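If you read the sequences in order, they're chains S and V.
Residues in the first sequence are numbered from 1 upward in steps of one, following this note's numbering.
Residues in the second sequence are numbered from 113 upward in steps of one, following this note's numbering.
These aren't lab readings, by the way, just hints derived from the structure by calculation.
It should be emphasised that the depicted structure is a prediction, and the values quoted were computed from it without experimental measurement.
Note that the Cβ used here is the ideal one computed from N, Cα and C, for glycine as well.
A couple of the hints might just be wrong.
[Stated by the list, open to error] List time: in silico DSSO-like cross-link candidates among lysine-lysine, alpha-carbon distance up to 30 Å:
no.	chain 1	residue 1	chain 2	residue 2
1	V	Lys-117	V	Lys-183
2	V	Lys-169	V	Lys-154
3	V	Lys-154	S	Lys-13
4	S	Lys-13	V	Lys-216
5	V	Lys-117	V	Lys-170
6	V	Lys-169	V	Lys-183
[Claimed, not checked] One-sided excerpt, in silico: chain S residues whose CB lies under 8 Å from chain V:
no.	residue
7	Phe-45
8	Gly-58
9	Phe-64
10	Asn-77
11	Leu-90
12	Val-97
13	Asn-98
14	Phe-102
15	Gly-104
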Amino acid sequence: EAGVTQSPTHLIKTRGQQATLRCSPISGHTSVYWYQQALGLGLQFLLWYDEGEERNRGNFPPRFSGRQFPNYSSELNVNALELEDSALYLCASSLFVNTEAFFGQGTRLTVV
Amino acid sequence: QQQVKQSPQSLIVQKGGISIINCAYENTAFDYFPWYQQFPGKGPALLIAIRPDVSEKKEGRFTISFNKSAKQFSLHIMDSQPGDSATYFCAASWGGSEKLVFGKGTKLTVNP
Chain S
1 EAGVTQSPTH LIKTRGQQAT LRCSPISGHT SVYWYQQALG LGLQFLLWYD EGEERNRGNF
61 PPRFSGRQFP NYSSELNVNA LELEDSALYL CASSLFVNTE AFFGQGTRLT VV
Chain V
113 QQQVKQSPQS LIVQKGGISI INCAYENTAF DYFPWYQQFP GKGPALLIAI RPDVSEKKEG
173 RFTISFNKSA KQFSLHIMDS QPGDSATYFC AASWGGSEKL VFGKGTKLTV NP
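Whole structure, please, built from the sequences with the hints as guidance.
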């Protein structure tokens, strides 16, 4: 069974640009979560999508947004990129919200 | 109240020894406590998880001990192996995988 897949693996953007990160959950999983793993800050919860709806978001500005598609895949958009947005962005999925979350390998975003 | 405090930040253990990582939380609403293992360049992988209705859970060489009154939980790795060298994260949430709050991580090195 395929795990959570994320694309691209690496992304380099210039400050002020927009970045789009993609995530395909494990087959059958309906909940998708996004986390930011910045150096020295650990993993910070960004967004939770379930059944196509945004269910919760962490303490991040509105320029971090996303969506979940009918096939449960998800997209994270980061607008007006800032240097401090450089981080590993991790997507996770779970069968239901009260079951274990499985993470993808992440997208390394570098803002220069 | 949202924090999960993890210690130590780094840990060096000899092969065959016991590795112990501790976490403490404040929010008594937390009822789901997973541990994740992360190798460099990879996403976190779920190791083992516990809910507060049990005080201990064992899976192979990995054991979670949970102390509800002290609001603490710990990971014990028995017979530690060089292949266990990784960063370990504790986490907590209420309900399940929604909005996991992670500790800062412990970098474990197991010397041969």
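Need the list of violated hint numbers for this structure, in ascending order. 9 and 10
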